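Line by line, the protein sequences give chains A and B.
Take the first sequence: its letters are residues 22 to 464, numbered as in my numbering.
Take the second sequence: its letters are residues 22 to 464, numbered as in my numbering.
Simulated from the structure, these hints should not be mistaken for laboratory data.
Note that the coordinates shown come from a computational prediction; the quantities given were computed from them, not determined experimentally.
Some clues are possibly wrong.
A pair holds if it fits inside one copy or across any two, identical chains being indistinguishable in the list.
Here are the computed lysine to any residue pairs in the SDA-like style, where the Cα-Cα straight-line distance is at most 20 Å [stated by the list, open to error]: (1) K381 <-> L155; (2) K389 <-> S25; (3) K403 <-> G70; (4) K455 <-> N165; (5) K183 <-> S457; (6) K251 <-> K381; (7) K282 <-> D342; (8) K30 <-> G70; (9) K183 <-> G319; (10) K455 <-> E43; (11) K230 <-> N33; (12) K183 <-> L449; (13) K184 <-> D56; (14) K230 <-> E29; (15) K284 <-> E456; (16) K440 <-> G70.
Number of protein chains: 2
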Amino acid sequence: MRCSEIIEKKRNGEILSCKEMEFLIDGYVKGLIPDYQIAAFLMAIYFQGLTEEETIYLTEAMINSGERIDLSSVTGVKADKHSTGGVGDKTTLVLGPLIAAGGIKVAKMSGRGLGHTGGTLDKLESIPGFRTQLSPEEFRENVNKLGIAVVGQTADLVPADKKLYALRDVTATVESVPLIASSIMSKKIAAGADVIVLDVKYGSGAFMKTAEQAKDLADAMVKIGLGLGKKMAALITNMDRPLGYAIGNALEIKEAIDTLKGKGPVDLSDLCLNLAGEIFYLAGKASDFSSGRELARGLLSRGAALDKFREFIAAQGGSKDVVETENLLPQADFRFTVQASVKGWINNMKTRDLGLAAMKLGAGRSTKDDTIDSGVGLVCYKKTGDYVEKGDTLAMIHANDEDQVDEVKKLVLQSYIIKETPPAEKPLIYGIVKESGFEKWSG
Amino acid sequence: MRCSEIIEKKRNGEILSCKEMEFLIDGYVKGLIPDYQIAAFLMAIYFQGLTEEETIYLTEAMINSGERIDLSSVTGVKADKHSTGGVGDKTTLVLGPLIAAGGIKVAKMSGRGLGHTGGTLDKLESIPGFRTQLSPEEFRENVNKLGIAVVGQTADLVPADKKLYALRDVTATVESVPLIASSIMSKKIAAGADVIVLDVKYGSGAFMKTAEQAKDLADAMVKIGLGLGKKMAALITNMDRPLGYAIGNALEIKEAIDTLKGKGPVDLSDLCLNLAGEIFYLAGKASDFSSGRELARGLLSRGAALDKFREFIAAQGGSKDVVETENLLPQADFRFTVQASVKGWINNMKTRDLGLAAMKLGAGRSTKDDTIDSGVGLVCYKKTGDYVEKGDTLAMIHANDEDQVDEVKKLVLQSYIIKETPPAEKPLIYGIVKESGFEKWSG
Numbered sequence: 022m023r024c025s026e027i028i029e030k031k032r033n034g035e036i037l038s039c040k041e042m043e044f045l046i047d048g049y050v051k052g053l054i055p056d057y058q059i060a061a062f063l064m065a066i067y068f069q070g071l072t073e074e075e076t077i078y079l080t081e082a083m084i085n086s087g088e089r090i091d092l093s094s095v096t097g098v099k100a101d102k103h104s105t106g107g108v109g110d111k112t113t114l115v116l117g118p119l120i121a122a123g124g125i126k127v128a129k130m131s132g133r134g135l136g137h138t139g140g141t142l143d144k145l146e147s148i149p150g151f152r153t154q155l156s157p158e159e160f161r162e163n164v165n166k167l168g169i170a171v172v173g174q175t176a177d178l179v180p181a182d183k184k185l186y187a188l189r190d191v192t193a194t195v196e197s198v199p200l201i202a203s204s205i206m207s208k209k210i211a212a213g214a215d216v217i218v219l220d221v222k223y224g225s226g227a228f229m230k231t232a233e234q235a236k237d238l239a240d241a242m243v244k245i246g247l248g249l250g251k252k253m254a255a256l257i258t259n260m261d262r263p264l265g266y267a268i269g270n271a272l273e274i275k276e277a278i279d280t281l282k283g284k285g286p287v288d289l290s291d292l293c294l295n296l297a298g299e300i301f302y303l304a305g306k307a308s309d310f311s312s313g314r315e316l317a318r319g320l321l322s323r324g325a326a327l328d329k330f331r332e333f334i335a336a337q338g339g340s341k342d343v344v345e346t347e348n349l350l351p352q353a354d355f356r357f358t359v360q361a362s363v364k365g366w367i368n369n370m371k372t373r374d375l376g377l378a379a380m381k382l383g384a385g386r387s388t389k390d391d392t393i394d395s396g397v398g399l400v401c402y403k404k405t406g407d408y409v410e411k412g413d414t415l416a417m418i419h420a421n422d423e424d425q426v427d428e429v430k431k432l433v434l435q436s437y438i439i440k441e442t443p444p445a446e447k448p449l450i451y452g453i454v455k456e457s458g459f460e461k462w463s464g
Numbered sequence: 022m023r024c025s026e027i028i029e030k031k032r033n034g035e036i037l038s039c040k041e042m043e044f045l046i047d048g049y050v051k052g053l054i055p056d057y058q059i060a061a062f063l064m065a066i067y068f069q070g071l072t073e074e075e076t077i078y079l080t081e082a083m084i085n086s087g088e089r090i091d092l093s094s095v096t097g098v099k100a101d102k103h104s105t106g107g108v109g110d111k112t113t114l115v116l117g118p119l120i121a122a123g124g125i126k127v128a129k130m131s132g133r134g135l136g137h138t139g140g141t142l143d144k145l146e147s148i149p150g151f152r153t154q155l156s157p158e159e160f161r162e163n164v165n166k167l168g169i170a171v172v173g174q175t176a177d178l179v180p181a182d183k184k185l186y187a188l189r190d191v192t193a194t195v196e197s198v199p200l201i202a203s204s205i206m207s208k209k210i211a212a213g214a215d216v217i218v219l220d221v222k223y224g225s226g227a228f229m230k231t232a233e234q235a236k237d238l239a240d241a242m243v244k245i246g247l248g249l250g251k252k253m254a255a256l257i258t259n260m261d262r263p264l265g266y267a268i269g270n271a272l273e274i275k276e277a278i279d280t281l282k283g284k285g286p287v288d289l290s291d292l293c294l295n296l297a298g299e300i301f302y303l304a305g306k307a308s309d310f311s312s313g314r315e316l317a318r319g320l321l322s323r324g325a326a327l328d329k330f331r332e333f334i335a336a337q338g339g340s341k342d343v344v345e346t347e348n349l350l351p352q353a354d355f356r357f358t359v360q361a362s363v364k365g366w367i368n369n370m371k372t373r374d375l376g377l378a379a380m381k382l383g384a385g386r387s388t389k390d391d392t393i394d395s396g397v398g399l400v401c402y403k404k405t406g407d408y409v410e411k412g413d414t415l416a417m418i419h420a421n422d423e424d425q426v427d428e429v430k431k432l433v434l435q436s437y438i439i440k441e442t443p444p445a446e447k448p449l450i451y452g453i454v455k456e457s458g459f460e461k462w463s464g
């Protein structure tokens, strides 16, 4: 097999075999095939795409490049959720304990934040004492005993993805549905779950700008998972406003706890219940989605999910008292309000800019080596669809550095688009991609 | 300027500025931009193409990567001809002396053969004593004194092309009109000619398979040359049969001498007269193409071109007696005829296979490091359009190794497509691309 001939085949729109895909990925990871040939191959994929089968071959080849997490000693159904990245997305913090309380095993590998999006690990580390590094034995033991553990991704998981992503990043080949889908799904599948539910975001704060694009990505990922023997579903959700109110690590932990207590933001609570309902159904804990959601609602309302959260935090060394005593969490020194300069309906929010504003305060990283300031962030009291009078508080800035506040205030104010007429309603959940295909969301 | 953003622009079909193109090519040649980014860029060009202006920017940036040949001390109009590579193409051997006899200066850098096509340098080196390495001073002096010198390309001419071509070769990005055009034209322009006439081949023995493809390439090259201040024209010629009869180095020298004596194959003679006519017109030696061709015909018929050939050979150390005493040229030990196995009209010839058959005999190189056997090759007495009886001699194999002959015989025989009806006539010259655009050839 010659590498340049395989590139030429893809360039001409021909379909590659499993062996050809393996040859490229395996050769690349082993250093037998140079970066420049894979760069040309990735650009050819950008233009010619990959079929469903080719995308599965690629994903399998990527998974085979490294270790798979061995969860064979974990009893019961293992489920995982993945979000394509949003602003204020603290879903994992609520959903994990919620489904674990329902008997699902959550052996989760999470990431850190970069740019305008935050990361679950950073958020958890704002809880005093919380450890995100567990030994493989401790990880499996916690999952078996409590039903949940959350750690950082190990270095040996899908090395092909690390190498390919670094190359895509500098060769303008990031924005390709099959490449994004295989990158995400290779890691999810290597992490060992049986049930995988995806939250594919679209809108101003998401990577995918339109619902159609998100649907295509969701479809590609669901097909990969099904092709590789997983139970799959993907919700397509709107990111034209932050999820919940809080953006920033400790602020989001607090909001997650509120949600576990049953008094969280409606959008966040709703999304978590729907994701949990789908997981319970796919895992065989409920006969259909509706009864799965009712199961989740019951676990939340009778405090079982909150109890599980406490156990989970304690098991990883964190102070479970943060649940009752919120000021055990890091807090910023200063608070400043951002007030509406005109009256009217909030028609839209530049959600990405809000994420970047929080990053500027120290809640996120502009490069991988930046450190996180856990206490800072934003709370957006008003969101898209709300009516405001001039002078109403739109958001609260939590800062540790007064000098940044003017710039951040301006950024936050500019990210609110206020008009005289109300916006068209855009539901949080646009639709779902299941084994049977796409369905518009009916609630 | 960020490299990945320029790649992304081209990927999205946007138009690059001169500065952006320079940034990439200059950075690449200096080693500041890695192969993998340029590989992705080349694949993006494969899909999105380049505008006329972008192609000129690319060509200029490539020229600026190295030295330009300084022909300022050469008096008179400097002309160059380039063929995109065919089988049995000995045009330069006839055309060079012919236009030099007409007062045009020919300061030619030629190449070596690879694969199924031969190279002018290899052909000239079959003349005993001939040197293709001259010092820059000797080169310019010969051009000034005799009007013609032919040498190998210097290492410092367009280093960007060497680097880009090597990368294209292994990334499936060779077949792109703007990339082919800029590769050829950068070298031609850096070599210093004022008038450049191109012979763009199409058909079974050429890189471009159809007349339309050849027209596109011719058009791109003419526009680059015009954009960079050169007098330009490109003939589009058919390569569905070898040019002339002979394929192989010394055999082609002999045929070129025959042509200079006025007794060469009609197609070769015609092509040389037409190319010369266009050059004389563009160089201002004739008021129009027809009188340019008449000038060439006169120079040929009264022996001036042959005299110039003798001088040229002698000036580069070669034995000029080969003109009169053909067996001073290397000759193969064995000759074998290939006979028609059926009667009928030769409808087509697999010209590329004939080139490869000659290569197998030793007349060409399958890799850069192979050595050439000057005496071997093929003479195709019968060509497309001819009628043959069963048993007629189609071609003569000139070989030094008897063991190869059976295989070569089979290859030659299979490359003749003989049918019961005559083929549609395909003229040697399909058309011409000039400053005013494309014109179908009227003879």
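Hint-by-hint comparison with the structure:
1. K381 <-> L155: neither (31 Å within a copy, 65 Å between copies)
2. K389 <-> S25: Close across copies (19 Å), not inside one copy (34 Å); limit 20 Å.
3. K403 <-> G70: Neither: 41 Å inside a chain and 48 Å across chains, both beyond 20 Å.
4. K455 <-> N165: Answer is neither; intra-copy 29 Å and inter-copy 79 Å both fail.
5. K183 <-> S457: Answer is neither: 32 Å inside a copy and 53 Å across each miss the 20 Å cutoff.
6. K251 <-> K381: Intra 39 Å, inter 55 Å, cutoff 20 Å: neither.
7. K282 <-> D342: within (14 Å within a copy, 104 Å between copies)
8. K30 <-> G70: So K30 and G70 pass the 20 Å test inside a copy (12 Å) and across (19 Å) alike.
9. K183 <-> G319: For K183 and G319, neither the intra-copy (40 Å) nor the inter-copy (70 Å) Cα distance is at most 20 Å.
10. K455 <-> E43: For K455 and E43, neither the intra-copy (28 Å) nor the inter-copy (49 Å) Cα distance is at most 20 Å.
11. K230 <-> N33: between (29 Å within a copy, 16 Å between copies)
12. K183 <-> L449: Answer is neither: 32 Å inside a copy and 55 Å across each miss the 20 Å cutoff.
13. K184 <-> D56: Cα proximity of K184 and D56: in one copy and across copies (9 Å, 16 Å).
14. K230 <-> E29: between (31 Å within a copy, 18 Å between copies)
15. K284 <-> E456: neither (33 Å within a copy, 77 Å between copies)
16. K440 <-> G70: neither (40 Å within a copy, 43 Å between copies)
Violated hints, listed in ascending order, are 1, 3, 4, 5, 6, 9, 10, 12, 15, 16; each of the other numbered hints is respected by the structure.
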